[in-house]
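Got chain A sorted already, so can you dock chain B onto it with the hints?
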Amino acid sequence: MNNKVKVIPCSGIGKVYGLMAREAALKTVLELCPEKAETICLARIVTGDKEVTDKIEGCDCITVDGCPQMCASKNVSIAGGRVIKEIKVLETVKEHKGKKFGSATQLEDSGEIVVSEIAGKIANIINQNN
Amino acid sequence: MIENYAILPCNGLDKCAGVISREIGLKLCKNNHNEIICPVFARIADVKYHKITDQYPLLIIDGCATRCASKLALEKGFKVSKKITVTEEAKNNHLELTNTLKLGENENALMDIILNKLATPEEKAAPTSGQANVEYHFDYETFQNGKFLFRVPKNPEIYYNENDCWAYVIGNRARIGVTDFVQQNLSDILYFTPPDMDAEIEQFGEVGEIESSKMLIDLISPVSGKVVLINDTLIEKPELINKNPYELGWIAELELTDFESDKEFLIGFDKYFEIMKKKVEGLK
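The listed protein sequences derive, respectively, from chains A and B.
Counting from 1, one number per residue, gives the positions in the first sequence under this note's numbering.
Counting from 1, one number per residue, gives the positions in the second sequence under this note's numbering.
By construction, these hints were calculated from the structure, which means they are not laboratory data.
Glycine residues also receive a C-beta, built at the ideal position from the N, C-alpha and C atoms.
Warning: the hint list may mix true and false statements.
Said to hold, decoys possible - Here are the simulated BS3-like pairs of lysine-lysine, each with C-alpha atoms no more than 25 Å apart in a straight line:
#, chain 1, residue 1, chain 2, residue 2
1, B, K83, A, K50
2, A, K121, B, K102
3, A, K15, B, K82
4, A, K27, B, K102
5, A, K74, A, K50
6, B, K30, A, K99
7, A, K88, A, K121
8, A, K85, A, K97
9, A, K50, B, K154
10, A, K15, B, K102
11, B, K48, A, K74
12, B, K30, A, K100
13, A, K15, B, K83
14, A, K94, A, K27
15, A, K15, B, K27
16, B, K102, A, K4
17, B, K27, A, K100
18, B, K27, A, K27
19, B, K243, B, K279
20, B, K102, A, K36
21, B, K117, B, K82
22, A, K50, B, K263
As the list claims (entries may be wrong) - Covered by chain A, according to a simulated footprint, are these stretches of chain B (three or more residues, beta-carbon under 8 Å):
#, segment
23, 5–15
24, 20–26
25, 62–73
Stated by the list, open to error - Per label pair, the in silico range of CB-to-CB distance:
#, chain 1, residue 1, chain 2, residue 2, range
26, B, T142, A, N2, 39 to 45 Å
27, A, E91, B, N99, 31 to 37 Å
28, B, N93, A, N3, 35 to 41 Å
29, B, T233, A, G48, 27 to 33 Å
30, A, E91, B, E157, 41 to 47 Å
31, B, I113, A, G80, 36 to 42 Å
32, A, G80, B, E206, 38 to 44 Å
33, A, Q128, B, N116, 44 to 50 Å
34, B, E157, A, G80, 22 to 28 Å
35, B, Q184, A, G80, 44 to 50 Å
36, B, N99, A, E117, 25 to 31 Å
37, B, G146, A, E51, 42 to 48 Å
Isolated chain A, as found in the complex (with noise of 0.2 Å):
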């Protein structure tokens, strides 16, 4: 097991807010905080698969959700995994009211914008925690 904080987000496909979570998660671990996040697929962690779950069990993860239903830190946290912060795609999209951010497979210019605000919140609390 690895101190690495687990950025997930949630499955959201078929919405521009999921695949803004999604994109938001890997700007993450990918580009900005590689050596002390990584990401895990929510699908293996709700079908139990015991890899994953061992892997989030007990360890700081931060949740990225596209939609109200908040699959991901509801899922995190029914398998174990210590929620230190649930991020809320659509309150980020609030703040930038009127504006157009791609569809369900492409962002706009706004919608990049607004992932990149995301990932740097993210980046914010996982350079914060440790």
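What follows is chain B alone, placed relative to chain A:
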């Protein structure tokens, strides 16, 4: 072009095969009138997604051999029409996939191959009736007694009762059947009486009958649950139980109701194999 599928990709995040599953799903939806299913949200959005899967044939796209999307479909009882596993397609096409999440030449080539394959009309399958199209793989140990060969699956997902019935458990569902000991002992099986669909079966309750020229036996269910699928083929061809009581001659599938409790009264391969050998030797 392919159209009107309900598409359930695993939407995997930690391997490039999962990313490919997602990209294929999205491409199919972008270019056609397909509906995409969010794999995790599907667990709680019963009404929404059952409506879609009732309307369209379901295409499952798993990234890796963990087959999360298949497991989720099984858990929800979705009817499955077609399944693709990205890593298998890569292997079949001799394409090595990257260890990163960034899609390169091989990954894009594989996506094109899969999309082309799906675009071929004959590749689009009709929906099955009530069957969650899970793949059951059996890994056998054998025991020879005279001219009789007994095969017993040793997969850890398979549980046995001492009545020589097995249950292959995946998620909240189990496929059940009899072992080689039963079919060898009965000799030529002539009749199969299935359980009723939707019947609630208790653990060690009857889940059908099979009859040979030698005897009639009740099938004793290793697990409790609701009958959700019957191997109807056996009604016309009960001899399939003799031919292969695992892959071909399975009896039914049950939606499990209390497997954790049931498990306490079941045995695994090691114990059953020893019991069966003793039974075979006792027949001499």
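Structure-based check of each hint:
1. K83/B / K50/A: holds, 24 Å
2. K121/A / K102/B: holds, 23 Å
3. K15/A / K82/B: Holds - the C-alpha atoms of K82/B and K15/A are around 24 Å apart, at most 25 Å.
4. K27/A / K102/B: holds, 12 Å
5. K74/A / K50/A: Holds, at about 18 Å.
6. K30/B / K99/A: It holds: about 22 Å lies between the C-alpha atoms, which stays within 25 Å.
7. K88/A / K121/A: holds, 11 Å
8. K85/A / K97/A: Since the Cα atoms of K85/A and K97/A sit roughly 24 Å apart, the hinted pair holds (cutoff 25 Å).
9. K50/A / K154/B: holds, 20 Å
10. K15/A / K102/B: Satisfied, since the Cα-Cα distance of roughly 21 Å is no more than 25 Å.
11. K48/B / K74/A: The given pair, whose Cα atoms are some 20 Å apart, holds under the 25 Å limit.
12. K30/B / K100/A: It holds: about 18 Å lies between the C-alpha atoms, which stays within 25 Å.
13. K15/A / K83/B: Between K15/A and K83/B the Cα gap is close to 23 Å, so the pair holds against 25 Å.
14. K94/A / K27/A: holds, 21 Å
15. K15/A / K27/B: holds, 14 Å
16. K102/B / K4/A: holds, 21 Å
17. K27/B / K100/A: Cα-Cα ~21 Å, so holds.
18. K27/B / K27/A: The given pair, whose Cα atoms are some 22 Å apart, holds under the 25 Å limit.
19. K243/B / K279/B: Judged against 25 Å, a Cα distance of about 21 Å means the pair holds.
20. K102/B / K36/A: holds, 20 Å
21. K117/B / K82/B: Within the cut-off at roughly 12 Å; holds.
22. K50/A / K263/B: Roughly 19 Å between the alpha carbons, so the hint for K50/A and K263/B holds.
23. 5–15: Held - the segment 5–15 of chain B has 7 residues with a Cβ nearer than 8 Å to chain A, which meets the minimum of three.
24. 20–26: holds (count 3)
25. 62–73: It holds: at least three residues are needed, and the segment 62–73 of chain B offers 5 whose Cβ sits within less than 8 Å of chain A.
26. T142/B / N2/A: 39 to 45 Å: Taking Cβ atoms as reference, T142/B and N2/A lie about 43 Å apart, which means the hint holds.
27. E91/A / N99/B: 31 to 37 Å: holds, 34 Å
28. N93/B / N3/A: 35 to 41 Å: 39 Å Cβ-Cβ, so the 35 to 41 Å window holds.
29. T233/B / G48/A: 27 to 33 Å: holds, 32 Å
30. E91/A / E157/B: 41 to 47 Å: holds, 42 Å
31. I113/B / G80/A: 36 to 42 Å: Roughly 39 Å apart at Cβ, these two residues keep to the hinted range, so it holds.
32. G80/A / E206/B: 38 to 44 Å: Given about 40 Å between the Cβ atoms, the range holds.
33. Q128/A / N116/B: 44 to 50 Å: holds, 49 Å
34. E157/B / G80/A: 22 to 28 Å: holds, 23 Å
35. Q184/B / G80/A: 44 to 50 Å: holds, 46 Å
36. N99/B / E117/A: 25 to 31 Å: holds, 29 Å
37. G146/B / E51/A: 42 to 48 Å: holds, 44 Å
The earlier numbered hints are all upheld by this structure, with none contradicted.
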